[in-house]
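**Q** Single-letter residue listing:
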Amino acid sequence: MNQRIIYPTDDGGVAVIIPAAECGLTIEEIAAKDVPAGKPYKIVDVTDIPSDRTFRNAWEYT
Amino acid sequence: MATQVTLNSGSVDSAGSLALKTNGTTTAVTINASQGVEFNAGTAALPVITTTGDTNTGIFFSAADTIDFAEGGVATGQFDSSGNFKFNSGFGSVATAYGCRAWVNFNGTGTVAIRASGNVSSITDNGVGNYSVIFSNSITDANFSAVASSSLDKVIRVDIYSTGAVRVVTDAATTDASIVSVAIFR
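In the order they appear, the protein sequences are chains A and B.
Okay, so the first sequence: first residue is 1 according to this note's numbering, each after it adds one.
Okay, so the second sequence: first residue is 1 according to this note's numbering, each after it adds one.
Please keep in mind that the hints were generated in silico from the structure rather than gathered at the bench.
Accuracy of the hints is not assured; some may be wrong.
Unchecked claim - Here are the simulated SDA-like pairs of lysine to any residue, each with C-alpha atoms no more than 20 Å apart in a straight line:
1. 154/B / 54/A
2. 33/A / 118/B
3. 33/A / 113/B
4. 42/A / 111/B
To be verified - Heads up, incomplete: computed chain A residues facing chain B, CB under 8 Å, no partners named:
5. 15
6. 20
7. 42
8. 57
9. 60
10. 62
Note that the coordinates shown come from a computational prediction; the quantities given were computed from them, not determined experimentally.
All C-beta atoms, glycine included, are put in the ideal place defined by N, C-alpha and C.
Take these sequences, add in the hints, and give me the full structure.
**A** Listed below in structure tokens is the structure:
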């Protein structure tokens, strides 16, 4: 899948969900299942996620 | 009025079951009133469901609620009455095989991506060297064994176990790993 799901973490960072292609679920179904309850989330294109992880822990959810 | 009909090598009883006999007395196969086909139990040496020219290889039934497999007259596999699958496969005897309930191999660097997986719906990139593996179908309980490895010459640990996910940390969450593998056994 060329999409990712992002949601804010409790410490102010951002978590990125990488779907498993083999699971047979849609990105929406994975979001409904794997995003912690009550968390807002966005489905984004994989190219929207930086591949440079030098400052990964400083990423924020906007 | 009874409707039993005796044949040369079989019979149809009043309940509508057709029995085929091998020597006029021993029932080999019965087509029962529920349209099921019944076989004798058989043995490993003489399985009851077999093939022409290889009659010591096939399926037999060693006990109630049990399905057995034989090859060359030797028992090699079994589904026992508790649903356990047992096989030899080089173990030395027919013993219960404990299944891998979920597994994943992913790249934790750059654009984090799953290479291949089974019973995993997603992984979560929580930060540097910190990933969660989320199962498609939950494990029965959290007392499973999680085996993890990475391409780093550093410690990898699984520090959170739940029925729906595990969390994996590489190098105390200070370094990403290009290869992270996790397998769940129960």
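**Q** Hint by hint, note whether the structure agrees.
**A** Evaluation of the provided hints:
no.: 1; hint: 154/B / 54/A; in the structure: 19 Å, holds
no.: 2; hint: 33/A / 118/B; in the structure: 17 Å, holds
no.: 3; hint: 33/A / 113/B; in the structure: 19 Å, holds
no.: 4; hint: 42/A / 111/B; in the structure: 18 Å, holds
no.: 5; hint: 15; in the structure: 5 Å, holds
no.: 6; hint: 20; in the structure: 5 Å, holds
no.: 7; hint: 42; in the structure: 14 Å, violated
no.: 8; hint: 57; in the structure: 5 Å, holds
no.: 9; hint: 60; in the structure: 12 Å, violated
no.: 10; hint: 62; in the structure: 17 Å, violated
Of the hints listed earlier, those the structure fails to meet are numbers 7, 9, 10, in rising order.
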